[in-house]
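With the hints as your guide, set chain S onto chain L.
For reference, the chains in residue letters:
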Amino acid sequence: MKFEYDIEGGNFSRAGFASSEVKKKLRQLNVDIQIVRRIVVALYEAEVNVVAHAWYGKMTVDIDEEKILLILDDEGPGIEDIDLAMKEGFSTASPEVREMGFGAGMGLPNIKKNVDTLKITSEPGKGTRVEMITYMKGGKNEKS
Amino acid sequence: MKNPDFHHALKILRDVCTGCTHCMNICPTEAIRVRNGKAELIGNRCVDCGFCFRVCPVNAIIVEQDDFNRIFEYKIRVALVPAVFAGQFPDNISSRQIHSELMELGFTHIYEVEQGVEVLHEAISEYAARKSEIKPLISSFCPAIVRLIQVKFPALVDNILPLKPPLDISALYVTRQLIDEGYDGDDLGIFYVTPCAAKIAAVKSPVGERQSPITGVINMDFLFNKVYRRIKQGNGDSCKLPEVRSLTARSVLWSLTNGESTHAKGRSLAVDEIHNVISFLEQLENEEIRDIDFLELRACDESCAGGVLTTSNRFFTVERLKKRASKSAGEDDNTKPVEKGIIHYKNRLKQEISIEPVQPRSMLKLDEDMSEAMRKMKRVQEIGKCLPDVDCGACGSPGCQSFAEDIVQGYSNLNQCVFVQRIFEKKGILSAEESLAIMKEVWGDDKLDKNC
Numbered sequence: 001m002k003f004e005y006d007i008e009g010g011n012f013s014r015a016g017f018a019s020s021e022v023k024k025k026l027r028q029l030n031v032d033i034q035i036v037r038r039i040v041v042a043l044y045e046a047e048v049n050v051v052a053h054a055w056y057g058k059m060t061v062d063i064d065e066e067k068i069l070l071i072l073d074d075e076g077p078g079i080e081d082i083d084l085a086m087k088e089g090f091s092t093a094s095p096e097v098r099e100m101g102f103g104a105g106m107g108l109p110n111i112k113k114n115v116d117t118l119k120i121t122s123e124p125g126k127g128t129r130v131e132m133i134t135y136m137k138g139g140k141n142e143k144s
Numbered sequence: 001m002k003n004p005d006f007h008h009a010l011k012i013l014r015d016v017c018t019g020c021t022h023c024m025n026i027c028p029t030e031a032i033r034v035r036n037g038k039a040e041l042i043g044n045r046c047v048d049c050g051f052c053f054r055v056c057p058v059n060a061i062i063v064e065q066d067d068f069n070r071i072f073e074y075k076i077r078v079a080l081v082p083a084v085f086a087g088q089f090p091d092n093i094s095s096r097q098i099h100s101e102l103m104e105l106g107f108t109h110i111y112e113v114e115q116g117v118e119v120l121h122e123a124i125s126e127y128a129a130r131k132s133e134i135k136p137l138i139s140s141f142c143p144a145i146v147r148l149i150q151v152k153f154p155a156l157v158d159n160i161l162p163l164k165p166p167l168d169i170s171a172l173y174v175t176r177q178l179i180d181e182g183y184d185g186d187d188l189g190i191f192y193v194t195p196c197a198a199k200i201a202a203v204k205s206p207v208g209e210r211q212s213p214i215t216g217v218i219n220m221d222f223l224f225n226k227v228y229r230r231i232k233q234g235n236g237d238s239c240k241l242p243e244v245r246s247l248t249a250r251s252v253l254w255s256l257t258n259g260e261s262t263h264a265k266g267r268s269l270a271v272d273e274i275h276n277v278i279s280f281l282e283q284l285e286n287e288e289i290r291d292i293d294f295l296e297l298r299a300c301d302e303s304c305a306g307g308v309l310t311t312s313n314r315f316f317t318v319e320r321l322k323k324r325a326s327k328s329a330g331e332d333d334n335t336k337p338v339e340k341g342i343i344h345y346k347n348r349l350k351q352e353i354s355i356e357p358v359q360p361r362s363m364l365k366l367d368e369d370m371s372e373a374m375r376k377m378k379r380v381q382e383i384g385k386c387l388p389d390v391d392c393g394a395c396g397s398p399g400c401q402s403f404a405e406d407i408v409q410g411y412s413n414l415n416q417c418v419f420v421q422r423i424f425e426k427k428g429i430l431s432a433e434e435s436l437a438i439m440k441e442v443w444g445d446d447k448l449d450k451n452c
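Order-wise, the sequence lines are chains L and S.
So the first sequence is numbered by the numbering used here: it starts at 1 and just counts up by one.
So the second sequence is numbered by the numbering used here: it starts at 1 and just counts up by one.
Hints are not guaranteed to be accurate.
Said to hold, decoys possible - In silico DSSO-like cross-links for lysine-lysine, where the CA-CA straight-line distance does not exceed 30 Å:
#1 S:365 to L:140
#2 S:135 to L:112
#3 L:58 to S:378
#4 S:365 to L:2
#5 S:131 to L:112
#6 S:226 to S:322
#7 S:376 to L:140
#8 S:346 to S:131
#9 S:385 to L:2
#10 S:378 to L:24
#11 S:365 to L:137
#12 S:376 to L:137
#13 S:385 to L:24
#14 L:113 to S:135
#15 L:119 to L:87
#16 S:11 to S:447
#17 S:378 to L:119
#18 S:365 to S:38
#19 S:135 to L:140
#20 L:24 to S:135
#21 S:378 to L:137
#22 L:24 to S:38
#23 L:137 to L:113
#24 S:365 to L:67
#25 S:376 to L:2
#26 L:140 to S:131
#27 S:11 to S:204
#28 S:427 to S:385
#29 L:24 to L:112
#30 S:378 to L:140
#31 S:365 to S:378
#32 L:112 to S:365
#33 L:87 to S:135
#34 S:385 to L:67
#35 S:322 to S:232
No lab work stands behind these hints: they were computed from the structure.
Pulled out of the complex, with its shape left as it was, chain L reads as follows:
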């Protein structure tokens, strides 16, 4: 099953809406509550990244019985150095954004922690694509 949600860049009051919608769907599908919790944490981080940095974004969620594939595609400034962005504490957020409680610079590492695979591709000046997969069985959720 596939679901798509639009994400508006710069509108923090709507940040989290798409993640909450996905949460409802996963619960209705009787996905394990711990898996749901982890996915939603990762999705919310990714959603806020789009809101904070990009102009426009799209969240696609594809669920089958084995795995959940989450893709966030955005049109935005892109990431110059992905390895650097993955580092804990690294942040490009402005002081205003930090004041709202966002942009503490732990976004990407926190996403990585909560999903089974994470792939980021980016073209500076054009946009970023974040792909995440979580497995229903045998993933991080069962190991921890």
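Chain S only, in chain L's frame:
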């Protein structure tokens, strides 16, 4: 479903109900549907918050209580009264006068629920220090909130403090103390005067406890009427006053908003009113909200002062309790006989203060089996495309989304939607007579046999 039946204090009187949908629309867990012109409760979803009771324009929803005369089955008849009860009365009526009237009505002992607060407060601090990795700890005080988390936020059940609320602690204390005084346990009847429906459900089917230490429950509005009438009629002049029991300022305010959070260590927050709580928990579950150590969540606006069974304006109740607390704060806590009494039992009570971990019982899944749930979800999506998205409730479900889910679960039919009926009539699939017959099934004959 393997869930056992849950006791609900809220009952819908079918004969009185007019099927107006007010209750269905306000229910925070979408636990009400209209069938045959009457509101019906879905037991697994209801958390006993009592908002339906509040909005019902014809008093068709009642909070079922124990028969008052049941108290006389016991030799020792204890009234366990929360501080908000005295807060219901006008300023010029003292709590000694109120308690005296309760004795006149037949109780032999009056205890205040909040005397268990100091023991609980100590236990919370110890638990929080031991389990510093759980963030935030969510108070177990409000039973409607505990049930709400079980059904709607299953991932958060482990955050609920596994400690008994003051009511249960006080009931245990009263039992122990009276037995130690030489009374026979079988002669003791402990009756709680409740400001809400959720507390009744908590006594009748407790979460995390096998059996409640409370014998019966009496609704606060019922007892208020009885006591206030006696005072008004001046019957109270010759009342023998029982022993004065006083509480610490913290205990007096515990059941009000910020009553607990003010005393929690670290960063703490209080949220009241169930719809506010739901949107807050939504954000907490997404980890949009972080770094909070303690959360006090209450289903009613102004917490217990706004309980559905209270009579007085809740803001005045809060004012009265605050006045009482500031008076109490000016006194030496060592002179408080109640607090001193319960201190002797502190160690014993603390051994019994834990409850078993609260279990999730999610109501949200479309099916236990994931592939079946996916199939149902696809159906819901398809049906959703036919629906008008106006959430009018004329189908008997609270909105188009839940209507689509009800159809897929076999509880409803697509042709119950008034918009779909018009579309079907236009296409010649349905006649006007058939549409009318369908609406009669949902709404009963009265609403459709009118001479317009």
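For each hint given before, does the structure comply? Return the numbers of the non-compliant ones in rising order. Violated: none.
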